[in-house]
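Chemist: What follows is each chain in one-letter form.
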Amino acid sequence: MKTGFWNDVAYLARRYPLGVAGAIIMTVFVLAAIFAGTVAPLDPFTTNPKASLAKPGGTYLMGADMMGRDVFSRMIHGARISLAVSIGATFLGSGLGAALGLASGYIGGMFDLLVQRVAEIMQSLPLLVMALVITASLGPSLPNTIIAIAIPLIPNVARVIRSNVLSLREMPFVEAAKATGMSEFRIAVVHVLPNTLAPLIVLATAQLGSTILTEASLSFLGLGVPEPWPSWGRMLSESAAEYVRTAPWLVIFPGLAISLIVFGTNLLGDALRDALDPRQRD
Amino acid sequence: MLSYIIRRLLLMVVTLFGVSIAIFLLLRIVPGNIADILFDSAGLIDPAEKKKIVADLGLDLPLPMQYAQWIGGLLRGDLGFSYVSEKPVIDEILPRIPITARLAGFAMLFSITMGVPLGVISAVRQNSGTDYGLRILSLSGLSLPSFWLGLLILMAFVHYSGTIPIYDRNASGWNWWMLQLIPAAAVGFRSAALIMRLTRSSMLEVLRQDYVRTARSKGLSDGAVTYDHALRNAVLPVITVIGVEAAFLMGGLIVTETVFNIPGVARFLVEAIRWRDYPMVQNLVMFIAFVVVTVNLLVDLAYMLVDPRIRYGS
Amino acid sequence: MAPVLEVSNLSTVFHTRRGLVRAVQNVSFSVNAGETLAIVGESGCGKTITALSLLRLIPMPPGEIVSGSVKVDGTDLLKLSDAEMRRARGKQIAMIFQEPMTALNPLLTIGRQIAEMVTLHDGLGRKAARDRAVEMLNHVKIPEPERRAREYPHQMSGGMRQRAMIAMALACKPKVLVADEPTTALDVTIQAQILDLIGDLRREFGTAVVLITHDLGVVAETANRVVVMYAGRKVEEAPVGEVFANPKHPYMTGLMSSIPRVASARGLTGVDATARLTEIPGIVPPLINLPPGCAFSPRCTRSEAQCTTTLPELELKAPDHLAACWRA
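As they're listed, the protein sequences go chains D, S and F. Start counting at 1 in the first sequence, then tack on 2, and there's your number in our numbering. Start counting at 1 in the second sequence, then tack on 17, and there's your number in our numbering. Heads up: the third sequence at position 6 corresponds to -8 in our numbering, and the numbers run straight through without jumps.
Treat the hints loosely; a few may be bogus.
As the list claims (entries may be wrong) - Calculated lysine to aspartate or glutamate pairs in the DMTMM-like style (CA-CA distance at most 25 Å, straight line):
1) F/Lys159 to F/Asp62
2) F/Lys65 to S/Asp239
3) F/Lys57 to S/Asp239
4) F/Lys159 to F/Glu85
5) F/Lys57 to F/Glu290
6) F/Lys57 to F/Asp306
7) F/Lys65 to F/Asp108
8) F/Lys159 to S/Asp245
9) F/Lys113 to S/Asp245
10) F/Lys161 to S/Asp227
11) F/Lys159 to F/Asp182
12) F/Lys159 to S/Asp227
13) F/Lys159 to S/Asp239
14) F/Lys65 to F/Glu(-8)
15) D/Lys52 to D/Glu244
16) F/Lys161 to S/Asp239
Calculated directly from the structure, the hints in this document are not laboratory data.
Could you build the full structure based on these sequences and the hints that come with them?
Modeler: Pasting the structure below:
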């Protein structure tokens, strides 16, 4: 017998087949990341001089790198880093951005003006440039990479949430809450915040893809998560231009992993936007 | 209109001032003094030598003084000296600008000439096979990391010609064009995808408008309705995004110049960061911010020229 | 005098995901040169779809004109090729829309939008087309037409834009003008001016006008003949005086008694000026799932068994007065 839950799933699958495909892609990657230790056939750190630049096939499903480490296993462990960084940065950036946007839209006045100016200043630097400079300032490490990617996300989220809050403030239910003598803070948290959730989720999903790409770019440039952590971007950085000629599998597979998961987040993001935020629909 | 431009220019100055403070402070909360790092990496041990470095770089001055020194120099066109090459920063940056500007220009050209027409086709044939194909293409454009796309292009190049295209200042003819256009396509693919998506949704929105129906009621052909009446309106929001993208192209430029080994400003920023060449970094960041803010202003002005509703301030 | 516009048995449907929507069913009417036929009814009754069907401006798909004919001077527009139809639009049959705010292209000058029409159909050069545009603006009583021609829609008021719209529609002197709620979006004082303007131009050019409206006041002032539509069908048709003096269909009676001016001025039977206005209970039924009998029966106070089972045909209930009702 079909339960209500499965009915809902079936409905969503029919309505947003591409979104479901995106969700499946992401689930596979997340599971691979969580169970990397079990899924990966070999240890990602063990070097083997004899297997240096081994071709794909046999023991080394996707070949081996210069130091004879298994590309497939490194990719699965790389999912951990890439996802930890991008999901962490998205949560951090969206959370801070939402809080700032809510405060700025709600308090208004000088505070709002200040936040707006600072957001404008931050938005005059491209995401990757700002992330690079912050990494340079904080030094490379896993938490620093997350911070470096999260900070540039803040102004955009803050702006969207702020404009949302401004229109919500005029809504009758907020007026009604005021009339009952509810405190401003309570109104902001109980009535306004939940209503900004839909655009926030849509925005966060859309940004997940770009944080994955930013992490990959940082690591590609050698300024992301430091060794020995395997990350997809770093796998490509290890003199990739040279391997283009001699060992294309070292270039193809990690890039494919990045593209596929970002494609998944984009599919899911589009479906979520359609479902949750009809105003942004195209 | 003039007062609007003046207001925007003032805001631009305020923004750049903010950027300068932010970048200045960011580079000075580095764990460890820059002099220490330079000192260690140079393998020097004489404390007197270290004192001299600190004094030379002005690092013993209080922060506001250091900042005033930098900005004062910047306004006079004196950007200081690179820690690494010890040459004037301006001499290092200036020759690299045209290289990156050309790459960015070709990339924008590529993304507009691909993005706008494909977006229109996708919208006019909404829900057809063509539309689905183009939408998947644009979604993949947003998903491929541009450095990977660059590597794939290199790979294809190696496969077909046996050689890797290497940046060559003196290349000419066909080679010159290939060296310009291939990296430009790698950088511009993402923007092309974004512009296409936006053109499509903007076009779909416009095609629903009453004035499009009016145009059809006049007996205009489908082509005239689509291109004369609808597209004109649909490109307005696209112009804004083209501006934002032109500025944010920088991310793609950084990695693509690295992949293709192009000696432009974008890659230079990464190198300066790696070498901890802070005078270089802070000036390069200021330059990038200046470009972004200027492009945004130009785009807004272009918007005003195209849209009479803004031109005549309603 | 042969009618300029002859519509017979027009049926338009929409193929939607939830099923077939019969938006217009077997609607027939005709209009003579220099006369105005009003099509009245509530929103959702098929008036606008009828109007758009006349110019074949229904989005296809999902829309489809499944049967009938729309003859202008004897030529059936529904049989024309797409290219021939495009030549007919604006030249034979033109249209003005409800929202003058959104019906004009915001990025083109008024002059250019009018000139485009005459360039297209009368093959005028740039200069001549421009002159005609100014002349037409003058004709619709827009002051300083030279300057206004160079302006953009947002620089004009709503009434001014609707005048410009009329100037554009009449620029090629079409035989038929379809006006879809031309005054609904305007202030009351402007409404009268626009209606007068349409009336003057109709007489001057001998245009046959199809006026789509839900406003019975407008009908009383401007129409020669009235077609009442309900749920996609014509339910009543008569000359304007006859229909107000002697409405046959309960839907028309209901419409009239819900409007103060008409109700009192016409001294309608059973409605005295001091009585409360009554409204018709309920709403127009969704066209996708119409009841088997008279579509109005669920809302009708006089409905009886037969009304809910069998569809009433249009019959002559009085000289030149058609109605489709078992009880009339």
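Chemist: Each hint: holds or not?
Modeler: Structure-based check of all given hints:
no., hint, in the structure
1, F/Lys159 to F/Asp62, "holds, 19 Å"
2, F/Lys65 to S/Asp239, "holds, 19 Å"
3, F/Lys57 to S/Asp239, "holds, 24 Å"
4, F/Lys159 to F/Glu85, "holds, 22 Å"
5, F/Lys57 to F/Glu290, "violated, 38 Å"
6, F/Lys57 to F/Asp306, "holds, 22 Å"
7, F/Lys65 to F/Asp108, "holds, 23 Å"
8, F/Lys159 to S/Asp245, "holds, 24 Å"
9, F/Lys113 to S/Asp245, "holds, 20 Å"
10, F/Lys161 to S/Asp227, "holds, 23 Å"
11, F/Lys159 to F/Asp182, "holds, 18 Å"
12, F/Lys159 to S/Asp227, "holds, 22 Å"
13, F/Lys159 to S/Asp239, "holds, 23 Å"
14, F/Lys65 to F/Glu(-8), "holds, 14 Å"
15, D/Lys52 to D/Glu244, "holds, 20 Å"
16, F/Lys161 to S/Asp239, "holds, 24 Å"
Figure legend: structure checked against the earlier numbered hints; the only hint not met is number 5.
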